[in-house]
Amino acid sequence: EAQVTQNPRYLITVTGKKLTVTCSQNMNHEYMSWYRQDPGLGLRQIYYSMNVEVTDKGDVPEGYKVSRKEKRNFPLILESPSPNQTSLYFCASSLYPGLAIEQYFGPGTRLTVT
Amino acid sequence: GDSVTQMEGPVTLSEEAFLTINCTYTATGYPSLFWYVQYPGEGLQLLLKATKADDKGSNKGFEATYRKETTSFHLEKGSVQVSDSAVYFCALSDPGTGFQKLVFGTGTRLLVSP
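Protein chains in written order, with the working numbering: chain E, 1 to 114; chain U, 1 to 114.
Next comes chain U alone, as it looks inside the complex:
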């Protein structure tokens, strides 16, 4: 079945550091890929998405590129801020399931210190 694997956290960085959170996936079809973010005490919000190979999703300085050859969708940001502290979830939606569910990774907690 479909699955998403994320790097374990927490990831601890100083403000203005470069961020990478790794995500790889397994899917039977040609999935859509997403990054969701969960701020403390809140629900998940869509951060960015990509639907086909070599697509780059971007939002709020975050970027991720759909790499079909390596089945990866790593999240990057050039300069993190304290306000970026949150839990980040990589997820996929598979046409083989009619896009009827999101399959999530376990989440990676990011802690940014001033």
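Bound-form chain E, shown alone:
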């Protein structure tokens, strides 16, 4: 089944404790992206990747890192999480960024930083 998977689905952590949220897709997509969803703000892009070893900042990259060492994986790293990073995170992928190309979303990771 074609899908985007994320782990963990739920995470409660404390300020400053490094964490990684994994994202994997099995559709051989070139493009992958991370979004955060906050009430009243919709979804905002954190980082995106056009292909292996090619990543770039989105609208809200501060406090996050990403890497793209393999085509299928695009982990999101929070080196020193803070309470303002409490949010619902979505990974998405598409064949490539282009006109009317659908992005496929993972199920989301709900992160709470205390």
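Simulated from the structure, these hints should not be mistaken for laboratory data.
Check the hints yourself; a few may be wrong.
[Claimed, not checked] Pulled a few chain U residues facing chain E out of the computed Cβ check, cut under 7 Å:
#: 1; residue: GLY43
#: 2; residue: LEU44
#: 3; residue: LEU46
#: 4; residue: PHE99
#: 5; residue: GLN100
#: 6; residue: LYS101
#: 7; residue: PHE104
#: 8; residue: GLY105
#: 9; residue: THR106
#: 10; residue: GLY107
It should be emphasised that the depicted structure is a prediction, and the values quoted were computed from it without experimental measurement.
The beta-carbon is built from N, C-alpha and C at its ideal position, and this holds for glycine as well.
Based on the hints, put chain U in the right spot on chain E.
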């Protein structure tokens, strides 16, 4: 910059009622327009899309027409069902950014009662 404005929710309807969710956009280029739906506890799924003026996207009884003159992409359905209860996001992808990100509205929650 690009932006999407949606009507605030929740929108509460009885089964078989007519649905309209308003969406207007601002973009520097000639964007592609999308409606995504998020069912409880799930990621976003593409509902419909349109790529040029006067295009009508349709799926599962939902429709939206790309109106360039009014920069709008309103979502409509003639007869809603309880199973349509979800959060609906209007989004655009701008060629000025190489289609590298989706810009989302804040989402509109739809609640349909039997």
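Hint by hint, here is what the structure shows:
{"no.": "1", "hint": "GLY43", "result": "holds, 4 Å"}
{"no.": "2", "hint": "LEU44", "result": "holds, 4 Å"}
{"no.": "3", "hint": "LEU46", "result": "holds, 5 Å"}
{"no.": "4", "hint": "PHE99", "result": "holds, 4 Å"}
{"no.": "5", "hint": "GLN100", "result": "holds, 5 Å"}
{"no.": "6", "hint": "LYS101", "result": "holds, 5 Å"}
{"no.": "7", "hint": "PHE104", "result": "holds, 4 Å"}
{"no.": "8", "hint": "GLY105", "result": "holds, 6 Å"}
{"no.": "9", "hint": "THR106", "result": "holds, 4 Å"}
{"no.": "10", "hint": "GLY107", "result": "holds, 6 Å"}
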